[in-house]
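Colleague: Listed in order, the protein sequences are those of chains B and P. 274 is the number that the working numbering gives the last residue of the first sequence; the numbers go up by one with no jumps. 159 is the number that the working numbering gives the last residue of the second sequence; the numbers go up by one with no jumps.
Misleading hints may appear alongside valid ones.
Stated by the list, open to error - PhoX-like, lysine-lysine: derived pairs with alpha carbons at most 20 Å apart:
1. 61/P - 262/B
2. 83/B - 215/B
3. 35/P - 61/P
4. 143/B - 83/B
5. 265/B - 61/P
6. 143/B - 133/B
If you are wondering where the hints come from, they were derived from the structure by calculation, not from laboratory data. All of these numbers come straight from a predicted model, not from anything done at the bench.
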Amino acid sequence: MALDARSSRSAPTATEQDERRALRAAQQLLDRIIGNAEDSQFEQMDEEVKRLQTAVIHPHFPKQRANLFTDLARQAAAQAHIKSAQLFLEAISDASISGDRAAKQEAINNARLHASSAIKSGANPAINEHLNKIIGIIEQTTKPGIDAATKADAARRTAVSVEWTNGRPDKRKAIRVSSPRLGVLIDDVEAYTADWSMYGLRILQVPRFHHIGRKVRFRLQCVGLDEPTNFITATVVRHDPANQTLCVEFPAISTDILRIAKRIKSLGIAIERA
Amino acid sequence: MMHNRRKELGKSFHEFPKRGTIAHDIYTIEVDDLKIGLMINLLVETLASGGMHASSMVILKVLRHLTERNFTREEAIMAARSYPTSASHTGEHRMMLDYLDGLIVMLEIASGEDEVDAATVSQFISRWHAQHAIYGDGVLLDFLGTMARDQPVGQADGP
C-alpha cells in the first residue's frame with residue numbers, strides 16, 4: 001500500500017508536468033492581477049487579465065480550473081474599479097464644495113469610466129444607476145449657499161439605497177449614547193454626533209463624501225473639556241450622502257471616549273442612551 | 001526578570017523580605033501586579049462564560065479599587081526612592097484609572113448583557129494592565145534592583 005502510494009507520487013507524467021507548469025504560470029498572473037488591483041494599476045491589471053484569459057485556454061491548462069481563475073481575476077478587477085469610482089466620488093464632493101467646475105466634471109467622467117469598467121468585469125450593472133444618483137445627491141447637498149431645508153428636500157427626492165457605498169449594515173450592538181452630544185472637528189468643519197459609543201461614532205452634517213474603509217482623522221469636543229482631544233483615527237464604515245451622515249469605527253475600544261465618559265459623569269451630566 | 005532581580009539581591013525566592021528594604025519594595029510591586037493580573041484573569045473568565053452580567057461588573061469595580069490602592073502604594077515607593085521618572089509614571093496611573101472609570105460608566109448604562117461585546121472588553125483590560133506592567137513597572141523594578149545591588153541584604157533604608 002505504502003509502496004504503491006510512493007511510486008504513484010514519485011513519477012509525474014509529462015502531461016502532469018505540463019499541467020503544473022501551466023497552473024503555476026496562471027497562479028503567478030493571478031497574483032500580479034490582485035497586486036495591481038490593490039495598487040490601482042489599472043492598465044497593467046487589464047493587460048494581465050487578457051493574458052490570463054489566453055493562458056487558461058491553453059491545451060495543457062486543466063479545463064476544470066479555467067472558470068475559477070478567470071472569475072477570480074474578474075472579481076479582483078471589478079473591485080478595484082469600484083474602489084476607484086468611490087474615490088472619485090470624494091473628488092466630486094471636494095470640487096463641488098470648492099466650486100471648481102472643471103475638476104468636478106473630470107472627476108465625474110473618471111468615476112463613470114471606472115463604474116463602466118467594473119460592470120465589464122462582472123460587477124452588478126445597477127452600480128451605474130447608483131453612481132448617477134449619488135452624484136446628484138452630492139451636487140445638491142454641497143453647492144454653496146443652499147439652505148438646510150432645500151438640501152433635505154433634495155435628499156428626500158433622490159433618496160436611494162446605495163448598497164455598494166453604504167458599507168456593512170448597522171449592527172446596533174454597542175451601547176450608544178445620544179446625549180450629551182460630542183462636537184467633531186472633521187475636514188475643517190464642525191460637526192456633531194447623532195450618537196457615540198466606545199466603538200465608534202455616528203456623525204451628522206459631514207458635507208464631504210467619504211468612501212467606505214477610508215481612515216479619517218478628527219478631534220472630539222465635549223462640554224466640560226477645556227480643549228478638544230488629540231487627533232483620533234477611525235475607519236469609515238457607513239456613509240449616507242443624502243443625509244450627510246458618517247459612521248466611523250475605532251480599531252479598538254477608544255480610550256478618548258472612555259476619558260470623555262468619565263469626565264461627563266464626574267460633572268454630573270446625565271448620559272442618555274440612543 | 002523576577003528571578004534575576006532576586007539573585008541580585010542575594011535572597012532566596014521564598015524568603016520574605018524585611019519591611020523598609022528595597023527588596024520589600026520590589027516584592028510589594030511584584031505581588032501587587034500579580035494580584036491585578038489574577039483579578040483580570042477572573043474577569044476575563046467571567047466575561048467568557050456569561051458575558052457582561054452583574055458579577056462581571058462587581059469584579060470590575062473590585063479591580064478598580066485594588067488598582068487604585070496598589071498605585072498609591074507604588075507612588076509612595078517612587079517618592080521614597082527618588083525615582084527619576086515618577087511624574088510620568090504617576091501620570092500613567094491617573095490615565096489608567098480614567099480609562100477604567102470610563103469603562104465602568106459606559107458599561108453601567110447597558111441594560112442587557114447582550115449589548116456588550118465581552119471579547120473586546122477582555123482584550124482591552126488585558127492590554128491595559130500588560131502594557132503598564134511591562135513598560136512602566138518593569139523599568140521601575142529594574143531601577144530598584146540596581147539600587148539594591150550595593151545595599152547590604154535586609155538592611156532597612158527607608159520609611
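Colleague: Decide, hint by hint, whether the structure agrees.
Modeller: A quick look at each hint next to the structure:
no. : hint          : in the structure
1   : 61/P - 262/B  : holds, 14 Å
2   : 83/B - 215/B  : holds, 14 Å
3   : 35/P - 61/P   : holds, 14 Å
4   : 143/B - 83/B  : violated, 25 Å
5   : 265/B - 61/P  : holds, 16 Å
6   : 143/B - 133/B : holds, 16 Å
Figure legend: structure checked against the earlier numbered hints; the only hint not met is number 4.
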